[in-house]
Amino acid sequence: MRRERVPIAVGILAASGAAFFILPLLGLIVRSPWGDAIKALTAPDTVEALKLSLVASLSATVIALVFGVPLAWVFARVEFRGRNLLRALTTLPMVLPPVVGGIALLLAFGRRGLVGSWLDSTFGITLPFTTAGVVMAETFVAMPFLIITVEAGLRSMDRRYEEAARTLGAKRWTVFTRVTLPLIGPSLFAGAVLCWARALGEFGATITFAGNFPGVTQTMPLAVYLLLGTDHEASYILSLVLLVISLGVLVALRHRWLGSA
Amino acid sequence: MRLRVLSLLVSPAFLAACGSGGTIQGSNLSDYASVFAAASLTDSFKALGSAFQTAHPGITVQFNFAGTPTLVTQIEQGAAADVFASADTTNMDKLKADGFTSANSQVFAHNKLEIVVGAGNPKHITGLADLAKPGVIYITEAATVPAGKYALQSLASAGVKVTPKSLETDVKSVVSKIELGEADAGIVYVTDVKAAGSTVAGVPIPDSVNVIATYPIVAIKGTPNLDVADTFIAYVLSADGQAMLQSFGFLPAS
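Line by line, the protein sequences give chains H and U.
Going by our numbering, the first sequence opens with residue 1, and the numbers climb by one from there.
Going by our numbering, the second sequence opens with residue 262, and the numbers climb by one from there.
Okay, chain U solo, but in the shape it has when bound (with noise of 0.2 Å):
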C-alpha cells in the first residue's frame, strides 16, 4: 500500500525521467544520438528523424519533447541528452552560460504566432482583440515557456489585455485542449496550427504585432555520440533539412 502510494505521487517526475532515458542503446557506440527538442518541434522533427536514419542507415535518433525550460532542467541535472533544439535563445543562452553546449549554437529555423481556435471558428475571432470577448476561453503557455513568453509580447503591442483561464505547459496541451472545445482560443505557433489539421483552424496575426522566434540547435558538451549529434545537426540545416522543415511551417533559417 505504502509503496503504491508513494509510486503515484512520484509518477510525473518518475514519466519525466523516463523520457530522457536511452543511454542504453546509445552506450559505447556512436550509432545513435539523443534529441532534446521543444514542444513546438515534435511533428516536423518526428519526420526529420525518419527522413536522417533513412539517410544514414545503422544510425537511430531518439527525441525528447518537452517545453524548452523544462528540457533545459533535464540537461543540467545530467539527462543523457546529445542535442539541443531549443524554441526561444533565452534558454539556449542560459545552457551556454552554465557550461553545457560544445559549440555556438546555429538557428535552423524560424516561426511565428497563431490564434488556434476550434474547427470552423464558431465563436467568430478575428483578431488579438477577439480574444478579450466576453464568453470567450482563451488560453495560453505559461510565461515560462518560449510561445508563452511570445504570446505576452504578442498581445502588449497589439495593445489587448486578456487574462487566461490556464496557463499550459506546453503549446502542444493549449491545442489538445482546443481540440476538445474546452477552450475557444489560444496562441500558439503557426506550425502547431498546421500540424493539429482539420482539428483546429488558425487565425492569423499580422505581422506587425506578431513575434518571430528564433530556434537555436547545438551539441550537448561531452557526449559520447559527438559526431552522430554533429551529423543530425547538419543534416537540420541542409537543403533536405530545411525543406521539410518549411512543409511543416517553418520559416527558413536565414
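Chain H extracted, bound-state conformation (with noise of 0.2 Å):
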C-alpha cells in the first residue's frame, strides 16, 4: 500500500481524537499509588469483589453462548415475518443505558414483576440482591455483543462445506458440530470475549437490578464506584486491574480488530 501524505488538519484532528482516549488512561496509570498496590489489590473486599466479578461474568458468558449461538443460528439462517424487529429487540442492550436495562428487569424478574411476582409465589425465589440477579444483569447486557459477532460468523461463511458434509450422509447435528461450529469457531470466541469483557465491566444494570452487597452482588465495578468516595487511591487500582483486562480483550482479539498485518 502506498503511504498516504497526512494533509496538517486531518493530522490535529486525528491526534486530537487519539489523546482523548489516551489522556484518561494516562491519568489513571500516572496518579495510581503503585506502591500500595499489592495492599489494595489484597484487601478481603477487593478479593471477594475480584472472585465475585469472575465467577458472574464467566456464567453470564457460559448462558449468553447457550441461548446466544442459537439466536444468532436462527437469525442467520431462518427466513421469517419479524426477524429483524426480533434481531433489534435482542440486541436493544447494547445501546439502551445499562440503568434502564436494571430497571426493566426488575419490572420483569423483580418480586413484583411480571414473571418474578409468579417465580416468588410459586416458588419462592427472588433474583434482586443475590449472584444469580448479578448474572443475570450481566447476561442481558453482554449476550447481544455475542448475537451479534457469531451472527456476523454464521452469514459469512462458506456454506458449501455444510451441503457437502450433508450430500456426504451427515446428520444435522454433526454438520452443525463438526463443521458449522469449527468454522465459526473464531467468531465464537470474540463474541464469547467480547461478551464476558462486557459482564465483568457491567455496572448500570447490575446496581440497579442485583443492589450492592460485598460477596453477594458487589462487583468489580461497583467496588470501584464505592471506594472512589472513601479511598481514592484503592478504587483507581481497581480501575487499572479492569484496564488492563479490557486492554488484553483487544490483544487477544487484535486479528480481528487490526487486520493480520
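Since the hints were derived computationally from the structure, they do not count as laboratory data.
Just so it is clear, the structure is predicted and the values come from calculations on it, not from any experiment.
Fair warning: there could be bad hints in the mix.
To be verified - Listed next, with one range per pair, are the computed distances between beta-carbon atoms:
no., chain 1, residue 1, chain 2, residue 2, range
1, U, Asp488, H, Gly27, 25 to 35 Å
2, H, Arg172, U, Pro383, 45 to 55 Å
3, H, Leu41, U, Gln367, 35 to 45 Å
4, U, Ala380, H, Leu26, 47 to 57 Å
5, U, Lys422, H, Asp36, 27 to 37 Å
6, U, Gly319, H, Pro7, 41 to 51 Å
7, H, Glu4, U, Asp359, 48 to 58 Å
8, U, Glu440, H, Thr42, 52 to 62 Å
9, H, Ile12, U, Ala380, 56 to 66 Å
10, U, Gly483, H, Val30, 19 to 29 Å
11, U, Ser291, H, Pro186, 29 to 39 Å
Built from N, CA and C at the ideal position, the CB exists for glycine as well.
Got two chains here, separate frames each, mind docking them using the hints?
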C-alpha cells in the first residue's frame, strides 16, 4: 500500500481524537499509588469483588453461549416475519442505558415483576439482591455482543462445506458440531470474549437490579464506584485492573480488529 | 464495534461527568451557580432553586445531586461546582481540609432517620428490632454515604444486629427499591419518606436511638460565580429558605 500524505488539518484532528482516549488512561496510570498496589489488591473486599466478578461474568458468558448461539443461528439461517424486529429487540441492550436495563429487569423479574411475582409465589425465588441477579443483569447487557458477532460469522462462512457434509450423509447435528462450529470458531471466540469483557465491566444494570453487597452482588465496577467516595487510591488501582483486562481483550482480538498485518 | 464496546464500558463515568457540567452557561457572567447537593436534598433544593430564581430574575442555579462522598470526589477532581451542600460534617471537613472551600461552612438544616416501608406497612414493622425479623428484606446505604453511617449508629445504639441485603449508593435508591417492592424496609431520612408521598410509609425511630444529621453549606474556593453562590447560600439560610426546607420535613438549622 502506498503511504498517504496526511493533510495538516486531518493530522491535528486525528491526533486530538487519539489524545482524548489516551489521556484518561495516562491519568489513571500516573495517579495510581503503585506502592500500595499489593495492599489494595489483597484487601478482603477487593478479593471478594474480584472473585464475584469472575464467577458472575464467566457464568453470564456460558449462559450467553447456550442461548445466544441458537438465536444467532436462527437470525442467520431462518427467514421469518418479524426477524429484523426480533433481532433489534435482542440487541437493544447494546445501546440501551444499562440503568434502564436494570429497571426493566426489575419490572420483569423483580419481586413484583411480571414473571418475578410468579417465581416468588410459586417457587419462593427472588432474584434481586442475589448473585443470580448479577448474572442475569450481566447476561442481559452482554449477550447481544455474542449474538451479533456469531450471526456475522454464520452469514460470512462458506455454506458449501455444510452442503458437502450433508451430501456425504452427515446428520444435521453432526454438520453443526463438526463443520459449522469449527468454521465459525473465530467468531464464536471473539463473541464470547467481547461478551465476557462487557459482563465484567457491567455497572448500571447490576446496581439497579441486583443491588450492592460485598461477596454477594458487589462486583469490581461497583467496588470501584463505592471506593471512590472513601479511598480514591484503592479505586484507581482497581480501575487499572479492569483497564488491563480490557486491554488484554483487545490484544487477544487484535487480528479481528486490526487485521493480520 | 470496538468504540461501542468502550463507550458502554465507560458510560457510568460519562454520565457522572455530564451531571457536573454547566460551565458553558456560567462561563464569565455571574448570573449562574452550580450547586452540588446531597441526594437527600433533591426535592427540597429543586423547590428552593425555583423560588430563588423567582426572587432573583435572570439568575440560574443548576443542581447536581448525588451521594455526598461522590460530590466531594467530583469537586476535588475539578468539577465546576460553586456551592456544596453536604449531608454530614465529615465530608465538609474533608473538603475544607483539602483546601476547596472559600469560607467556613454554615449549618442550614438538620434531619433525622426514619424506617421506610412499603405503603400500608405490609410486614408490620414497628421499630428497629423488627428489621432483624426473618423474612424481612432490609436494605440500607453504604457506610461511605452519611445516611448509611447514621443508620449503623442508630442500629448500634438500639442494640439491633441485622445484615442488609444491599448497600445502596444513596437514600433515593433505597426509597425506590422499597417503592418497587424489592425490599421490605430501609433506613433513610424523615425527609425522604415525606418526599416519596403515599408510595411508601414511615415508621419513626425514637429520639433516644435516632441520629441527628447536620447539613452544612459552603461556597467553593476560586469560583468565578462566588457572588451568586453567596446569594444562594444566604437565601437557603433566610427565613423563606428555612420555611421551605421545613415544609419538606427538615429540622431548623438552629
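Status of each hint after checking the structure:
Restraint check, U:Asp488 to H:Gly27: a C-beta distance of roughly 33 Å satisfies the suggested window 25 to 35 Å. For the pair H:Arg172 and U:Pro383, the supplied restraint of 45 to 55 Å holds, since their beta-carbon distance comes to about 53 Å. Checking the proposed 35 to 45 Å range against H:Leu41 and U:Gln367 shows it holds: the Cβ atoms sit about 42 Å from each other. As the Cβ distance of U:Ala380 to H:Leu26 is approximately 51 Å, the hint placing it in 47 to 57 Å holds.
In this structure the supplied range 27 to 37 Å holds for U:Lys422 paired with H:Asp36, their Cβ-Cβ distance being about 33 Å. Taking the beta carbon of each, U:Gly319 and H:Pro7 are about 46 Å apart, inside 41 to 51 Å as hinted. One distance hint, 48 to 58 Å for the beta-carbon pair H:Glu4 and U:Asp359, holds here, with the actual separation near 49 Å. The supplied range of 52 to 62 Å is broken by U:Glu440 and H:Thr42, whose beta-carbon atoms lie about 39 Å from each other.
A beta carbon spacing of about 59 Å between H:Ile12 and U:Ala380 agrees with the range 56 to 66 Å that was offered as a hint. About 24 Å separates the C-beta atoms of U:Gly483 and H:Val30, a value consistent with the hinted range of 19 to 29 Å. Here the CB-CB span from U:Ser291 to H:Pro186 is close to 59 Å, at odds with the stated 29 to 39 Å.
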